[in-house]
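Sequence order for the protein chains is F and Y. Take 987 as the starting number for the first sequence in our numbering and just add one per residue. Take 987 as the starting number for the second sequence in our numbering and just add one per residue.
FYI, nobody ran anything at the bench for these hints, they're computed from the structure. Among the hints, a few may not be true.
Which copy? The list can't say, so a pair holds if one copy fits it or any two copies do.
[As the list claims (entries may be wrong)] In the DSBU-like style, the derived pairs of lysine-lysine whose C-alpha atoms are separated by at most 35 Å in a straight line are:
#1 K1174 <-> K1119
#2 K1147 <-> K1019
#3 K1147 <-> K1174
#4 K1045 <-> K1128
#5 K1019 <-> K1174
#6 K1027 <-> K1147
2 protein chains.
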Amino acid sequence: LRPRRTTTGPDMKTRKQSAGAGDRLSAHEIYLKAAEIFEAKGFDATSMDDLGRALEVTKAGLYYYIASKEDLLFGIMTYAMDWLDREVIIPARAEADPERRLRLIVCNHGRELLEGPRALAILSDELAALTPKHRRNILDRKRVYFDLVRDTLDELNAAGKLRAVNTTVATFSLFGTLMWLPRWYRPKGRLSPEQVLDEVAAIGLGGLLASTRA
Amino acid sequence: LRPRRTTTGPDMKTRKQSAGAGDRLSAHEIYLKAAEIFEAKGFDATSMDDLGRALEVTKAGLYYYIASKEDLLFGIMTYAMDWLDREVIIPARAEADPERRLRLIVCNHGRELLEGPRALAILSDELAALTPKHRRNILDRKRVYFDLVRDTLDELNAAGKLRAVNTTVATFSLFGTLMWLPRWYRPKGRLSPEQVLDEVAAIGLGGLLASTRA
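With the rest of the complex left out, here is chain F (with noise of 0.2 Å):
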């Protein structure tokens, strides 16, 4: 008995039962897999065929997790968004020094941009390949994450704790300081991931705190 496929939504966590190919796939795993080939093959390139190779189901198997490819691209880039609320912005939220949130914000996402899977982290600029609607959802939620480090900036302005910089274009040098870590870091090269987020954060702050203890 194969169920059908009741959602037309993103998230695949209610459809995690078997699929085409007897297996069982979760969520984590399609989004993985499924972003490893767009990275490789670039979104418009990558067939359904490619996608049912990579992911080891038939192609009816397919279809039973996924309503499209762009239905795929914004699961991927929603599951990010999830686990950037869950790991960087809802902690942030809970730290009250405006230095410390900033340094959480700095480790707890250069982490997951050092150590995690790379073509996630990369694949969260391919915007222009989703639906208008599905757009603007994902560049919402990107708007909330870089009004969060503007306002701890903007915070730490007002404490007399920043640098004379505009708080904007600070923000943009952190992100690009942190976007990236994923193009040029190699896992298995002399630097570890703790001395990379070390630096990153000295570099990063140090860059925007008055204060040279950064």
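Go by the hints and put chain Y onto chain F.
Only chain Y this time, still in chain F's reference frame:
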């Protein structure tokens, strides 16, 4: 009389005469328009027909200009690296003072990333689509640039002018801040390119230099 294509390399400067459509396309126009369509559609999903439409030449005219899609991508990247040599690397090598050299690199490269064509800047990530030989060529040229920046930081360190930072991570952090610029900056927004450049130099160098003058 239509000249036949006589070279197979990416240098189009020698084939600027009239093409199929009777138009004259400069290498700059070809690379820019091709970069835009590659960036919008993705390299793999872009067909020769798409390129012909974007460049407003017939398919036969297109083959007059380029040997293949990959050849064109390599041409675009070579063109971008030539620009970097001419406008950033050569002037930087002529600057003896390491602090001024670093500032020159950030400002000259940063200005192009803010004011130059966005697609050209972003496409430089598409290394995976190149043939191994072409990829090696571009990677070698990127490495020369990386080494120039890291050597400059090492020189500052030897002169006691650098914070206690790992110069490899510091170089990638600076590149991250720079390479993120075309991904967020909107020319018609509130911030002028000059404002952003000033801020990026202050933040980027402030995170690295031991003095607080930056």
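To see whether the hints hold, each was checked on the structure:
no. : hint            : in the structure
1   : K1174 <-> K1119 : between (40 Å within a copy, 24 Å between copies)
2   : K1147 <-> K1019 : neither (43 Å within a copy, 46 Å between copies)
3   : K1147 <-> K1174 : between (37 Å within a copy, 31 Å between copies)
4   : K1045 <-> K1128 : within (33 Å within a copy, 41 Å between copies)
5   : K1019 <-> K1174 : within (21 Å within a copy, 38 Å between copies)
6   : K1027 <-> K1147 : neither (45 Å within a copy, 44 Å between copies)
In terms of the numbered hints stated before, the structure departs from hints 2, 6, listed from lowest to highest.
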